[in-house]
Amino acid sequence: LSQMSKQLETFRTHLEAFASKHKQEIRKSPEFRLQFQDMCATIGVDPLASGKGFWAEMLGVGDFYYELGVQIIEVCLALKHRNGGLITLQELQQQVLKGRGKFAQDVSQDDLLRAIKKLKVLGSGFGLIPVGGTFLVQSVPAELNMDHTVVLQLAEKKGFVTVSEIRASLKWETERAKQVLEHLLKEGMAWLDAQAPAEPQFWLPALFSELHGHEEPPGQP
Amino acid sequence: AKIVVHLHPASSNKEPGPFQSSKYSYIKLSFKEHGQIEFYRRLSEEITQRRWESMPTGQAMQVNKDSQAGRIRAVGIVGIERKLEEKRKETDKNISEAFEDLSKLMEKAKEMVELSKSIANKIKEKQGDITEDETIRFKSYLLSMGIANPVTRETYGSGTEYHMQLAKQLAGILQTPLEERGGIMSLTEVYCLVNRARGLELLSPEDLVNACKMLESLKLPLRLRIFDSGVMVIELQSHNEEEMVAAALETVSEKGSLTADEFAKLVGMSVLLAKERLLLAEKMGHLCRDDSVEGLRFYPNLFLTQS
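Protein sequence lines correspond, in order, to chains A and B.
First residue of the first sequence? That's 1 in our numbering, and the numbers climb one at a time after it.
First residue of the second sequence? That's 1001 in our numbering, and the numbers climb one at a time after it.
Hints in this document: simulated from the structure, not taken from any laboratory.
The model shown is predicted, which means the values in this text are computed figures rather than measured ones.
Do not rely on the hints blindly, as some may be mistaken.
What the hints assert, rightly or not - The calculated lysine-lysine pairs, modelled on DSBU-like cross-linking and capped at a C-alpha distance of 35 Å, are:
1) B:Lys1122 - A:Lys28
2) B:Lys1122 - B:Lys1213
3) B:Lys1089 - A:Lys23
Stated by the list, open to error - To give an idea of the interface, some chain A residues facing chain B are shown, with a C-beta separation under 8 Å as derived from the structure:
4) Lys23
5) Gln37
6) Trp55
7) Glu67
8) Glu74
9) Leu89
10) Ala104
11) Asp106
12) Val107
13) Leu122
14) Lys186
Note that beta-carbon positions come from the ideal geometry of N, C-alpha and C, so glycine has one too.
Between the sequences and the hints, there should be enough to build the whole structure, so can you do that?
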């Protein structure tokens, strides 16, 4: 154990030397951060586990990600009334960058993913759903199982989905499709357009990429 | 003085450049002060020699292959392009140096991981013949490095000195905010509150959770509570959610029925916690749910009270 203590000290010194040369790099370069994170993962080290860890203390990686976590929580809360707690990674990135202001460091989607993975542990339902090559970020403790996920993925192309489409693409029975869609409606993640020409359409506000308004969220209690 | 340079029409396989075409067939160079003689001499020389035709074709960014390093004179567009190229190479060099250093650092970090594994194995072999003191030390080493505890596989460094301190701090910081919010806050709210206040040296989500897990055992006036849904909250010890349920029942009865959103607005709580309270009331048998596409609505449980 004392051997570990000694080696720890040596390592700390190396890390300090590294930090004095490259700390700026980490703050400024998303590519460098990505490399750094990947390498840590490969050897079995989690630099974001604790604010008291060497990595956080000396490289300042911690503060960057933990603050990002706060910003992510705030953005999700502000938009929840509109999208039911589902938001695309891209929209999240835009909103977070907007909130950070002109002079803040750049934030990559990888940065957001890592911050979100850490937020899961707080128990308020943060999760990632893979759709169409990117992710939907869930920020409410709603139960979303495989069926829901796969319908979300189907809806991703056009922003909405219908019962017929689900039956055609997924080969499900009407009842199963309806159940999934109703659950999404209940959770506020889908909106029903009952006046659509052929049959009711279920729209996902999370996927409205072009329709961003500059709306104000209603005052939160 | 002026020099007029007449141009041939562009060939059909012209390389892309600043202009694809022009309506003029000449360039007029105007010399305000002097220099035209020298310029004319060098220009004629270059046009005769046509050195550019023997250079490798390609993007305009292609720098000449002279092995002579050294200062590159900024002359015209080519000069600007060369400078950009040089800067890019410099940045690349910095980055690759950074990556090299990073790799070396990771090698050393890997050694630490191996060492911690071998120590963990020795601990297992000794079968608990290790003092509590040593366990605490080991855990804090793991915490510093960000390595998962290989012995217990529990969350990193839970139960370290650091987390104990943190728990005590939190008890101090959160007392007033909790009172202002009716005695209960979700862990995400706490995370934001505490980190916003800190500004620097922020807490990781794991730090927060680990510290909160120790609140009860340290007999602090707050506790961590985990609802069935997995939602985690901090409550004042004096807070009694079950009592709040009785109040909730009254509110719902007054209004006939309420959704989580409506209840939240009425009472001034976050929707997340409002929902949890209504769910708890349901679990205790005081409320019934009406689950439809219009949302989840709660009614007083008349089956119980009016049977």
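Quick rundown of the hints versus the structure:
For the hint pairing lysine 1122 of chain B with lysine 28 of chain A, the CA-to-CA distance comes to about 42 Å; that exceeds 35 Å, so the pair is violated. With a C-alpha separation of about 28 Å, the suggested pairing of lysine 1122 of chain B with lysine 1213 of chain B holds against the 35 Å cut-off. For the proposed pair lysine 1089 of chain B and lysine 23 of chain A, the alpha carbon gap of about 21 Å is at most 35 Å, so the pair holds. Because the beta carbon of lysine 23 of chain A sits about 10 Å from the nearest beta carbon in chain B, more than 8 Å, this interface hint is broken.
Interface restraint check for glutamine 37 of chain A: the shortest CB-CB distance to chain B comes to about 11 Å, outside 8 Å, so the restraint is violated. Taking 8 Å as the C-beta cut-off, the interface hint given for tryptophan 55 of chain A holds, the closest approach to chain B being about 6 Å. Given hint, glutamate 67 of chain A at the interface with chain B, holds; its Cβ is 6 Å from that chain's nearest Cβ, closer than 8 Å. Proximity of glutamate 74 of chain A to chain B holds as hinted, the smallest CB-CB distance being about 7 Å (cut-off 8 Å).
Using the Cβ-Cβ criterion of 8 Å, the hint placing leucine 89 of chain A at the interface with chain B is not satisfied: the shortest such distance is roughly 19 Å. For alanine 104 of chain A, the interface hint is violated, since its Cβ never comes within 8 Å of a Cβ in chain B; the closest pair sits about 14 Å apart. The restraint placing aspartate 106 of chain A at the interface with chain B is violated, with a minimum CB-CB distance near 15 Å, outside the 8 Å limit. Taking 8 Å as the C-beta cut-off, the interface hint given for valine 107 of chain A is violated, the closest approach to chain B being about 16 Å.
The interface hint given for leucine 122 of chain A holds, since its Cβ lies 5 Å from the closest Cβ of chain B, which is under the 8 Å cut-off. The beta carbon of lysine 186 of chain A comes within 6 Å of a beta carbon in chain B, closer than 8 Å, and the hint placing it at the interface holds.
When held up to the earlier numbered hints, the structure conflicts with 1, 4, 5, 9, 10, 11 and 12 and fits the remainder.
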